[in-house]
Structure formats: C-alpha cells, structure tokens
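Please put together the full structure from these sequences, using the hints given.
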Amino acid sequence: RDNVQVAGSSTVLPYASIVAEAFGENFDFPTPVVESGGSSAGLKRFCEGVGENTIDIANASRAIREKEVKACAEAGVSEIIEVRIGYDGIVFASQLDGPEFTAFTPSDWYNALGQKVVVDGALVDNPHAQWSDFNADLPAVEIASFIPGTKHGTREVFEEKVLLQGCEDTGAMEAMISGGMSEDDAEAACMAVRTDGKSVDIDGDYTETLARIDSNPNGVGVFGLAFYENNTDTLKVATMSGVAPSTESIASGEYPVSRPLFFYIKKAHIGVIPGLKEFAEFFVSDEIAGPDGPLANYGLVSDPELGNTQSTVADEHTMGTNM
Amino acid sequence: MNDMTLLERGVQTDDIKISARNVEVFYGDTHAIKNVNVEIQDKTVTAFIGPSGCGKSTFLRCINRMNDTIDICRVKGDILLDGEDIYDPKVDPVQLRAKVGMVFQKPNPFPKSIYDNVAYGPKIHGLARNKAELDEIVERALRRGAIWDEVKDRLHSPGTGLSGGQQQRLCIARAVATEPEVLLMDEPCSALDPIATAQVEELIDELRQDYSVVIVTHSMQQAARVSQKTAFFHLGTLVEYGATDRIFTSPEDPRTESYITGRIG
Amino acid sequence: MNDMTLLERGVQTDDIKISARNVEVFYGDTHAIKNVNVEIQDKTVTAFIGPSGCGKSTFLRCINRMNDTIDICRVKGDILLDGEDIYDPKVDPVQLRAKVGMVFQKPNPFPKSIYDNVAYGPKIHGLARNKAELDEIVERALRRGAIWDEVKDRLHSPGTGLSGGQQQRLCIARAVATEPEVLLMDEPCSALDPIATAQVEELIDELRQDYSVVIVTHSMQQAARVSQKTAFFHLGTLVEYGATDRIFTSPEDPRTESYITGRIG
Amino acid sequence: MPVSWIMIILFALAVLGYVLGRRRALASAGGDMRNLHSLPSYYGSHVALFAVAPAVALLAIWLVVQPMVISSSVARSFPDGAISEGSSLSLVMSDVKRVADGLNVAVERGALSAEEAGSVSAGATNIRERLGSVGVALGSDVDSSVLDAAQKYRAYASTGHLIMTLAVLGLALTGFIYGMAQMRAEFRARNIVEHAVKALLVFAASIAVLTTVGIIFSLIFNTIEFFKLYPARDFFFGLTWAPSFGGGSELGMLPLLWGTLYISLIALAVAVPIGLFAAIYLSEYASPKMRAIAKPLLEVLAGIPTIVYGLFALLTVGPLLVSIFGREGLNWMQAGTAVMTAGLVMGVMLIPFVSSLSDDIINAVPQTMRDGSLGLGATHSETVRQVVLPAALPGIVGAILLAASRAIGETMIVVLGAGAAARLSLNPFDAMTTVTAKIVSQLTGDADFASPEALVAFALGMTLFVITLGLNIIALFIVRKYREQYE
Amino acid sequence: MSDATSGGAVPAAGSRRHGSILQLDARTKKRNAKEARFRAYGLGAIIIGLVFLVTLLTAIVSNGVGAFQQTFIEVPVYLDPQKLDKTGNRDAAEMAKVSTFGYTPLIQQGLLDLVDREGIDAPFEKAGDMKALISASAAAKVRDYVLANPDALGETRGFELLASSRVDGYLKGRVTQESVERDRNISAEHLQLADALREIGAIRKGFNSEFIFGADASESRAEQAGIGVAILGSFFMMLVVLAFSLPIGVAASIYLEEFAPKNRLTDLIEVNISNLAAVPSIVFGILGLAVFIEFAHLPQSAPLVGGLVLTLMTLPTIIISTRASLKAVPPSIRDAALGIGASKMQSVFHHVLPLAAPGILTGTIIGLAQALGETAPLLLIGMVGYIATNYPDGISSGFLDPNSAMPAQIYEWAKRADPAYYERAWGGIIILLVFLLTMNIIAIILRRRFERRW
Ligand SMILES: Nc1ncnc2c1ncn2[C@@H]1O[C@H](COP(=O)(O)OP(=O)(O)OP(=O)(O)O)[C@@H](O)[C@H]1O
Ligand SMILES: Nc1ncnc2c1ncn2[C@@H]1O[C@H](COP(=O)(O)OP(=O)(O)OP(=O)(O)O)[C@@H](O)[C@H]1O
Ligand SMILES: [Mg+2]
Ligand SMILES: [Mg+2]
Ligand SMILES: O=P([O-])([O-])[O-]
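Chains as they are written, first to last, in the working numbering: chain A, 5 to 327; chain B, 227 to 491; chain C, 227 to 491; chain D, 4 to 490; chain E, 1078 to 1531.
No wet-lab data here; the hints were simulated from the structure. Given the structure is predicted, the values throughout are model-derived calculations rather than measurements. Misleading hints may appear alongside valid ones.
[Said to hold, decoys possible] Here are the simulated lysine to aspartate or glutamate pairs, DMTMM-like style, with alpha carbons at most 20 Å apart: (1) 74(A) x 228(D); (2) 1339(E) x 294(C); (3) 1249(E) x 1287(E).
Right under this line is the structure:
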C-alpha cells in the first residue's frame, strides 16, 4: 500500500480532506484516503492491529478513551501519537428571517430543554412552551430546537457546557440536590432533555439540521462553526452569554462552547507507509493549521499551542510517555 | 356456395339462436376462417366436424368472443345472438359469455378444490342465495357432468389432481353450473371412456330441451348420435351445413363425402 | 385373479420387454393402482383400456418413471425393462426415459418453435451430427406424426399456436424423433379427426416393427384396430389382460364384458 | 511456483482434457456420437472436471491449512520466556508472520538478496527499518527470538509450498489420466458432469447459508460483550431508549422495535396495494406498449438513492402532512418528521418491489386459466382476483416479503423522515425511529467503541435478525398452506 | 349409473334472464362497475407511482442541472521566476519545492492586474482581495503547468481557471448581492467585479465536463469536485456484483427450487434467505469488514470489496425473485422435457430457466438498483469519505485501488457545508440515475425477448 489511509470522525473529515488534497498537490506521494464513519468506528478500526490492512490515522472529535487505548494495546497497537489539531466551535443559529434569536445564555437553553426546571422557586416538569415564557427578551414563539442526537460527540459538549451550566445557573441543580439527589444524579438529571417533541434530536448531520430549520421558521439549531460560516446567507447566529462565536473568540476561550479535535497516528506505520509522517507534519504546519491557513479559513479554530503539537509530531512522541 | 341456399330460407324463423354472417378470422396473417355463414337453431344440438386444424375451435371461440383474449386474433363479419350483434361495441362480452358457456378442448381446471371449481361460476353470477343452495348447485352440476360419484368424497382436494377424463368432466360440470343458454363444447368427450361419453351425451340431450348446444367432435358416430344439425369445416371454410341425417347419408359436397368416408384429413 | 394364470406362462419368453410385478401406486393416501402384474411384449402394440380415472395414465407413467415428478406419488413393486428393475437406485431415470418415450394425455408443446420442439430430443441425445441431419430427422418425425403438411411452412412459428389436434400430433412427432425403444402414448388420438387418427395408427403399426408401443385409448375400435394385446383396468386393478381379439370377443371377467358392451363406466 | 502459475497450468490441463476426452470418447464410439451414452461435450467436460476439481480443492484446503499448521508448530517451538510483558503469544506470532512475509517481500522487491534474507540477524541490521522500507509494518522492534521463529516459519513455508505444488499437480495429472481412462462409449459422462453441476448449485445455495453464519459470527462476540456490560432484561424489555455518553444509558429496544414495525406497516400499506394494483394493471389490462414503458419507469423508483427519498420526506411530504394534520389542521401532528411521513415515502420506494415482481409472476400464469374463467362469464377483474391471483400467490407473497424486508432494513428515509426519537406511541403522526436507524447511528457515533452505547448496535442487529427469522418462518408456513399449483 | 339425469330434482337455480345482450342487466351493471373500479384502481396505482416518479425526478433535475454548468475565469498570470525558481537553474526538484501556497499570490496578482488594465472600477488594492473570486484549485493547476513547462517561467500566460463556488453560485443565481452581505468569504463588491469581468469576457459560464469526469475535491473547493472517479468505482463494483450475484443467485435458486429434497434443511435455507433480505445493509458492511478485510486481507476502500459486500446484499433479492419465477413455470413443461429423455438438469436449463428469465431479470434489475444506490455498508469498508482522488490506471487497480462510489460520493457531498456541494449532490444523483437507466435498459431489452405467455 503506498497511500496513507485515514478514517474516523466526520467532523474532522472536512479539515483532513483539505489537507489531503493540498498534500497530494504538493508532494509526490499519492493523495491520502480519508474515510468518514464516525470517531468511534475510526478508532475501532485503528485499534484492529498493525499492518497494511489497517488504517494509519484515526480522526476523532474527542480524545481517545482509556478503554480504547487498552483495546488498542491488546491488538498490538501500543504506540499511538495523539495530535490535537484545533477546536470545533459549536454555535446556535436560526433562520435568517425568523424570530430574533440573537442572544442566549446557558440558562435559556436549560429552561427551554431541561426536563425539570425551577419555576417560582419550585422544581417542576418543564412547563415552558415558548421562549418568552422564561425570558421576556426572547421571541414569543414555540420552542423548537434541533440538537445533535445522542450519537454525536457534540451532544456531550452541549450537555456539559450548556445544559449543565444552565442547570447550575438557574438554581435547578441546587434544588435537585436539596431535594435529596446525589450530586451525580443531579448532574445526570440536569443533562436530561425533555421528550415532548420541543427538542428534536438530529442523528444526521448539520445539513439535516439546516433543512429542518429551513422548513420551520421558529427552529433553533446547533451547528458547527464551520458549517455556519459557509451558510451565513441563510442562518443567523446567536451570542452565548454575550460572546459572538468566531475563531478568535473561541481560541481565546471567551466563547464557552467548543471541543477539541484530534487525530491519532499509528507509530508502527511511520517509515512503513510512505508519506505518513510527511502528511502528519504537513497537517499541523503553520501554513495549513495556523490561524491564516486554509483550515482556519474554513472554520477550524486553530490551536493556540500549535507549536507543541508540531514538535509532538516531529518527535513521534507517543501517548503515555513523558515529553 | 350452393349448400348455403338451403339455409337462407331459415333466416327469419325465430328459433334461430345464433347466426353468423361472412365471418372471417385471422391469426396475424393466417386466414383461419374464411367467409363462414351459419345459423344455429335454438333447442338443437349442432355438431361441428372437420379435420384437425380446419378452424372448428376458432369458430367456436368466436361465438362467445373468447378470441378476444388472443392478441393476434382478428374477427370480421357479424355474429348475431338472438338477432343482436355480439361484436357490437355496446355488448358486454362478460354478459355474453354468461349466456354462451364454453367447455375448452384442453381441460383447464382452476388450481382450486373441485368444489370451488364448480361453485366459481354460480358465485360470480349470484345464482345461489346461500351455502346450502350453492352446495346443491355444485352437486347437481357434478352429477350432470357424470363425475359426482368419483369426486363426492374429495370435493375439497384440488381439481388439478384428477385424471384427464375426470378433469374434462369437471370442466363440463363447471360450465353447466352457470346455466348458460348456449353451451359450446370443444371435444367434450375426447378423453372419456364410452360410458362417460354416453353420460355426457345424455346430458347434452337433456340440455337440448331448453338450450342450444354446439359441439365439436371428431367422432362421426357421436355427431350422428347427439346432433340434429351438422356443420362440416374444411381448411377454414364451412363446406356444408344441414340436418345431421342428411349430411351423413347424402352429403352434397364431395369434400364432405370424402371426409365422412375417411378419404381426406 | 384367475386371468393372470394365462400370463404366467409367458414369463420366461425372451420377447418380454416390460414386466410389472405387484405394482402399487399411491397419491398421498389415494390408492390409485392396486397390485398390478403385467408383461408387455416387444414388437407389439399393447392397449390399455378402462373407464376414466381407473389408473391407466398412472400406470403408464410408472413405466418411464414420470411419476417421480409428482411429489405425493409413491410406487411399490417392481417394473422390469429387459429384465432390469427400473426402480433400482442404480438406474438413471434419464436414460430410461430416453429408451421409453412418452406422449402425454394433454398435449404440452414447449413454448418454442415447432422445429425446436421436435429437434430438442435428437439434440440432447446427439442423434444428429449436423444441421442437415437434424433437419432430416425433424422432417421425418413430423411426417410420421402426420403433421408435416400442415406445418412445413411455419416450422419457426411457436408450437403453442397450433390447434389442439395439431399440438397432439406435434407431441407425437416430438416423441418419435428420439427413436425410443418403447413408446408410451396416452390417448394420442383423442383430439384427432378420423383421417389423422388413421395416420397415427399407421405410424403405430410401423413402429411396432421395431419397437414396443403401449397406448391408452378410450376407443374400443381403436384398441381393436391397432393393438395385439389389451389390458383392461378398472378402479386401479388390472382386471384382464390378453390378446386383443380374445378380450374383445370372449372376455373372461364379467367387468370386462360389461365395459366392452358399454355397461360400466 | 506461485499459485497463479499453478492455476494457469490447471486451466491448460482442463482445456486439454476437454479436447482429448471428447476426441477419445468419440473414437471409442467409432466416430458416431449416436453410440455414446452422452453428448461428446459431456465427455470432454468430464475429463476437464477430473483434472481440475480435486486439484483445486486440494489447493484451496492446503492454502488455508498450511499457515495454521506451520504457525502452530512454530509457536510450539517458541521459547517460554521470550514473550515480553504485556504481549501475548498471538501478538508475537503475528509479528513473526509479518517478519517472515516481510522478508519474502523484500526479496521479491530486490531490497534483500535471498541469501541475505536467510542470514539476517537481529542485531546486525535494523530489520524493522528495512522491512518498513518495503512497506511491511511491525508493531515493535524485532528481537532475535522473533527473527529465529520467522526464519523457521519461512523455511517451513517454502517446504510446504513445494510439497503442495507437487501434490496439486500430481493430483491433477492423476485425475486427468483417470478421467481419460473412463472414456468409453457406454460411460455415463453426463451423470457425472451433472453431479458436478449440482454440486456447484449446492455450493451457490450454501453461500447464502455461509453469509448467515458470517453475519452471526461478526455480530455475536460484540453482542456478548454488550450483554456483559448491560443487563439483557433491560435491553429486551426496557421501554426507554436514552443513550448517553457519561454512562447510565437506558437502552431498551422496545421503542425501536415498535417504530420498526409501525413504519414498515405503513410502508407496506402504501406499497402493497399500489404495487399489486399496478402489477395487475400492467400484466392484465395494459397494452404491451404501455407495459413496456410503465414497468421500467416504476422500477426507476427502486433505484433512486434513498437519500433522495429522505430529503423528499423531510422537505416535501413532511410539511405537506403538517399542513393537513398539524396545528392548523387536525392538530394530530407536531412536526413534519413522523412515522407517517417516513412510512409513506418508504412505501413509494417499495412500489416496484411489489409491482415488478408480481407482474412477472402474474404474467406467468397460463392463459388457459384465464380462458377457463372468462369462458364462464367472469369479468376480467373476477378472473384476476379469484383465479389468477391465487395461482400467483406464492410469488406475490415472496415479492411482498422482499418489500417488507427492505422496509425493515431501510435507514436514510427513517432518519430524515421519521426523526430520531425513540418513542412508544400509537399516534402515527409522532416521530419515532427504527432498529436499523439506531444500529447505524450507534455504530457511526462518537461513543467509546468498547462502551455499551456503541456495542448495542451489534445486539440490535442480532435481535432484529432473530425476529425477522421468526417472521419469515411464519410466512413460510402461511405460503405453504395457501399454495396453489396450476395444472 | 345415471348421474346425468338424477340431478333433475333441483329447481333450476336463479331462473336465467333471457334479456338482450345489448342491455345490461342490473347485476352485470354492478359487476361491470366493479370491473371498471378495479381497472381504475390499477390505472390509478400506476399513475400514483408515476406521479411520484415525476415529482422526484423534477426535484432531482431542477436541483441538479446547475452542476452541469461551471463558471470559469480567464487570468493572465505572470510566472515570476524569482518566486517560482529561487535558484534559477530550472531544476525540477528545486522547483517542486515551491508549494501551491507560493503560486496563489501570483494568480491573484494576475487578476488584480487585469482589473487595473481593463480600467474596471473596483475598491480592491491587495492581491489577496482577489482570493474570493478564484478557486483554491487554481494554484495547483498553474503549478502543474509550470512544472511541466519550466520554459514558461518569466512569461505571462493566460489560464482558464475555475471561479470560486460563490462566484459560480452568483452566476447561477444561487448567491445574490444581498445574501453575501453576511458572508465572510466574499463581498458584494466582489460580485460587482465579477459582473464587470463578465462584461469583458474574462468570466464565463460553460459546460462542466469536469463534473462528469473529474475527481472529488475537498470541502473548500466545491467548484472543483467531480464524480468521474466515483463513477468508475461504482462501475467496477457493479461488475463484481453482476459477475457474482447473478450466477450465484440463479444457481442457488435452481438448486432450492428444482433439486433440493423438500425437507427441513431446505426449509431452513429458504427461510434463511428471505431473512437475509431483511438484514440491514450496514450489517453487511460489518460482515464485509470482518470477512473480506480483516480475515481475507483484501485492501480497504477497494471496489472489489465493496462489490463483494453488495453481492451478498443483493443475493437474497435475486434468489427470491428467481425462485418465484421458477415456481411459476407450469409443470407440464418439465414433464414434456423429461418425457423425451432430457435429464432434470437439461429440462431446467433448456426450458424452465428461459421461461423464468423475465422474473430473474426483474430481480436483477431491482437488486442492482439497490446495490447501486447503497451507501451504508460502504461506510464500514472505507468507501465513504474523501477518497476518489485519482483515476485508477488499469483494470486491476480499478478493482483494488481505493475508490468511492457514486452514492457514497453523493452522500458525502450532501453533508458538506458549502451550499455549492448541495447542487453537486443533486447533479450526482442525475448521473447515478442515468447510469441506472442504462443498466436497466439493457436488462429490459433482454427481459422483453424472453417474455411470453403460454
Ligand atoms: N396428481 C394426482 N394427485 C392425486 N390423485 C391423482 C393424481 N393424478 C391422478 N390421480 C387420481 O388417480 C386415479 C387414477 O388417475 P389416472 O390419471 O391414472 O386415470 P386414467 O385412467 O388415466 O383416467 P383418464 O382416462 O380419465 O385419463 C384417479 O382417481 C385420479 O383422480
Ligand atoms: N393462437 C393461434 N395462433 C396462430 N395460429 C393459430 C392459433 N390457434 C389456432 N391457430 C391456427 O388456426 C387454424 C385453426 O385452428 P383451430 O384451433 O380452430 O383448429 P381446430 O379445427 O380446432 O383443430 P383441432 O381439431 O385440431 O382442434 C390452425 O391452422 C391453427 O394452426
Ligand atoms: Mg380445436
Ligand atoms: Mg389419463
Ligand atoms: O463523526 P463524529 O465522530 O465527529 O461525530
């Protein structure tokens, strides 16, 4: 096999494909193959073992888990290089000429989607039908939100950074704990989404969310920053706690909702699969992954610590060993 | 043809059930029936005889418009049933066929039980008001088809599991169950033994009391036994038509004579 | 049965082609053939007669194991062809059927051209070395089937577009084209006019010179005309078997007599 | 000799066998094929068959068995202490194999000479690098025990290969001679050849069975793994489906199963009547021209990618239904995505499954059946309903089952049309989802691949497999019961 | 026996009407009405089906025709030797070190110069401002040209480059002056400039052959993406599917229907096959990954593997339809053949199979259509993603080199963020359908040759 084989996250795919294309144009190596199929499926194949019939790089929109590392090692994939390429911003957007959804806080989302919310000091099953029911600044329209389904890593981020935060902010968390729940239970309860149809899980991709919003003027959806930036002519984005999402505000940490993106290299394949290392280095080079590179241009929030990442790749520094 | 003059006289008598005028039938380019004129009387048995492939079945199938189902078949000329043109666009072939029943040359029982085979016609025509009546009709038809004794214990086993002759009689029973006014029978006894043949002939005779029966047969004897009128076909033309006795005793056309005496095929 | 004693004598003569011993046939639970013993001689025409549904076809189909194709059909007893048990597991039914040809009761031409219908057998048995030879075989078979004149101009039109009698003759032609040693014919003339019948009977007579022919017929006359031996079946049993002359002139069993004289069916 | 060469030799032998066998058989019959038991080509095929079939079988078995035998014997000779901490024999063995293969590849590509390859030692050259340069990846550095084992492996393998080549070619020749020896006129070549053909047919039929076995095997381990992590009771009888990343997911399959059933039912309620009526019209009423056009056109419906149907459901059908059954209308429907939306659209997709197959089957019912009925004065529709359809029933049921199967297996339309909500509800205007949709989403999701949330996909697949098996058994019995055979 | 006469006791049931055949009696009228209704249902069913088809096709075509047009921009580029060949010795290896990033500014400068030269009034000063107009693919095109023709260095050459997807969208009406107001990638001034360039003929719309013959592109270059390589991927996959599923499917059906003893085992196989039809296609992907890639070590992302997986998936469809049509062949045909000494095998292959051919072909059409449009199993064997980048250079590499397939490509495009890809996805569907229709037409012609009623 003479081409680099990459698989994994569909969130990372756009970036990886931009890099692969440029790599193919500028190097004599064949263009790497970048498959999609999800972080989990990619890592699973990554951990199948070493050898030509396994992939070289797994893209992931989350960090590899402990159990997965173990499974990998059991199959002989013991040396893994972890590369963080940047961050994926998560934004809340609605139809361009729909109601004025311009500013949200985590509390708003919790009030809109939480299973149990605090109303007049008491914890009750979520009674809110319209956004204005709990926040007079929000439009008086039916709540119709399209959030990532439980298969998406984005959902986890949404739950932790928005719902849980909102739960704490609105005092629901406190009410739960004082109502006799353990902290863990309360956290879990905070992240539970109402099931009466006001919130729709999207198991597909952002295109689907966009289509849903297209056909429902009151809909608010959760998107990746890159997706939004390519569709500014149909979507308008809302601020979160007063911060507008942009690569800058996310990189600086002001905008709260984002998640890191990674890829994992099978060290055993370096030097074996032609172009593997070159590809990895090219990926994290300033030209590509830097704040002015094509990735950032496309919507990737470039990693402020890109330098470290570059040296990790250059040194083939594997996980679990010290620098 | 000179033998036709004999018939022309009968045209206006009201006991004419079917009259065919200048009928021509084509299968694609094959000219299967050539200018046939014939008048079939009511309450009579008419026999069609003639060598194999001369067009007997074809003509028979014209009478109840079964030829409609053959794509390449075209029929010209008029066929009148009780003075009404059956090829008139206003005529519903379904209603026609209910009146003009048919037993086919190759027995074709439905892949259903014997009972259902016979009950099918009465059911679609609504001849029975209830199950008991239907049972009665089925039994009567099977008896008339001379097959009741053989199948009465297996009415609910498939009709396709019968012997050749049994299938043929089943098809006869099926046809009479709907009480048609005219019954067309294409070699109804070809697979039957003499006794069964006799029973079917008896049936034909009985039917003649009320209805008109047309029967295709290869057996001169049978034609002579059951029919009052006989039509002899040859190479698609109706060569001679007349009272059975006369045809068999003093045929006018030399071809008829050769056929009857066994010289042409 | 006492009439069997007559046959026992013949067992050791070497002109016995087929001998059946204690044959029993069941369709599911129906006992269709009951303990039949019969010896069919070579170079003879044997006629099976008997009322419809008595098991003639069933027994005929046993002789070339066509019954194998009916799931629910079971055959017991032995049938020997040239002294060899045809139900022996070592026997290849295909080879058997190549030797023992069959014409079915219901004509069943292949939905192919007339030519292909006839040429099929010779082709699979490798009887022709080239196209010309094959053409010759086909023509000869069609001539023997007394249908050549009617179809020679349409050899390449479908066999299913023929009239009933033509189909039957086509099937006869198809069967003789493979030159079987034994030919089983299930009512081969049922749809034929007298002349065609005569031609087929001539064929049968011709075939008898070399082969053994078994023919099922409902026509006593035909049996008398063509066969040397006659077997009379009734309700699944072989009632009487012997020289045709004798059977028709002085039947031993009262049932045979009643059948021949037209009293039982 | 490489395997491809052996195959070429075998092929050549087969051709030769065919020609010679045919000739010899003809000769034994005095040149007249009428004296032969079978057609000459059967004799030729017989010889070809005997020359090739046993040899190929041996080759195949050998190729599968040899590596197993060799690796177990190499593994047995592996020093006990040589396996390092955190590794296992199987891992080391896979390295051994890779090193051995790598050395072979290196020789092939000229990176090493044959002698060099035979004498490399662990210390002298960096094997990992050199093998890497020819594209062979190793999980870790090569130590001497691995290298020794690899050399042993190579030695065994090359000996084995030599023996195999001889054995296979020998067998082929034996078969050839044996086949030729039988070329007598009375030899039943056709029977043998037909047996071989029948064996091929059996083999083809068994591929379907093997597929099933394969599916079960590729699902079963992960399914077991899942049930170790998640109680089976909760899975089978749980009424809630709520996976979550942090653990504590509820993975009851009943809502999914219900969704599957509901959507399939609606889809069939659309596809079966439309498809069947279309089939009847096409085969019984339509002019040949219309049939020639309409049938293939309808078949196009089966070929439109399901994503198009999904978008159609989402963008067209959903909003349309909402405008009728939604708040402004009957107020039964909350949003465009619902069981009804997906079911309707899926039904459209399934129309050709029912229509085209049924049309062929109906068309195959002999005309005499129709004649029989029409001759009794039945109308065309009575004929169709009471005579033709019953006769065609087994085939039609097959077509419907196929459509049902397709409905159960469909994802895209469900995802886009029915929503992703797992819900137990009777209202067809509620969003629901199906087992298949969830298999796909859990399998391609972000959950840790060793977690119950990901493994549940396998358990779902397995369960669905068993359930449809049950349904098929029932269908088989029903068809048996109503089967009608014409003639 | 006197069967024939003994039935006389029964009253002639339902005394027959002796009315005219020209006048329908009430019952016949009712039955005819039923008949008419039945017939209307049939016609209605077909019309419903066709209406859906037309709706879908209209949607597909109206969404997708745009993909067959593409905007090009003609730019004179000064190939600056200082930048492109720093050493100045025209050494190919040295020149190759200049990456596409080095070429981009030259192209942009070229366009800016053109704007100035033509005296177009535009508020742009920096070369970088031109970026929004030109596709990112332009640099690679120029670079390839230079590497192939080092002599061109130092000269100004005109290149016909792809316009960016936004400009393309503008010319096609997808993007408007208003809608770009919020677009970070392009501004309204750019669009005005595009209009001006169009006036002078530097920008023009043309037939997009690249779309039909080209390879996939990354997310940021919708204008460059083509489906050509994926067409080949699908083509090779379909070859595999056809080569395996038809013979195996027919052979299996023949065995089960004609030869297998009717016992529990065959029942099991039969049930088993219809059950396979209900297995979700992604499970076949799991199977394919385990068997073909992990066990048999076939290459990943290869059409061969995809074809094998789809074969397994299509088999049940073909087997079920083949068996149904074998069953429908009347037994008398088999009898006729057996009766003249054909073996069972011969009767099946010579007579039964040709009569069953229409049904077999229908099954094949439907099975292949399904296989051609299937994505889910390809996801697991690595054929979905950014894959089809090069044409395979031979038959064997066609089967073995990584490739995608049309539906996978379409699915990928439909997911991508750039709205330009949405149009391509629909365009891809048009091509997929054309491919499908070609395949069908062949099968349909064959099917018609076999069709006959007996
Ligand atoms: N396939 C079958 N399944 C069940 N019963 C059958 C089947 N074929 C024939 N039978 C029964 O077996 C008996 C003998 O049938 P057979 O066909 O041998 O009669 P036959 O003597 O040929 O009559 P015919 O002169 O009417 O053709 C009949 O009672 C018939 O109903
Ligand atoms: N479907 C058809 N297609 C083409 N030609 C046909 C068709 N049916 C019959 N024929 C031809 O029409 C002529 C008359 O056939 P028909 O069936 O009417 O003969 P018949 O008198 O009934 O003969 P038989 O006594 O043999 O049944 C024959 O030459 C026959 O070959
Ligand atoms: Mg006739
Ligand atoms: Mg019989
Ligand atoms: O494909 P994802 O793993 O990024 O959801």
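Practice task
Could you grab the alpha-carbon distance between residue 1249(E) and residue 1287(E) and see if it respects the 20 Å cut-off?
Solution key: holds (17 Å)
Exercise for the section: Compare the distance between the alpha carbons of residue 1339(E) and residue 294(C) with 20 Å, and conclude whether the hinted pair is satisfied. Expected result: Distance of about 14 Å is within 20 Å: holds.
Problem - residue 74(A) paired with residue 228(D) [C-alpha distance capped at 20 Å] - result: Between residue 74(A) and residue 228(D) the Cα gap is close to 15 Å, so the pair holds against 20 Å.
Violation of the numbered hints given earlier is absent; every hint is satisfied by the structure.
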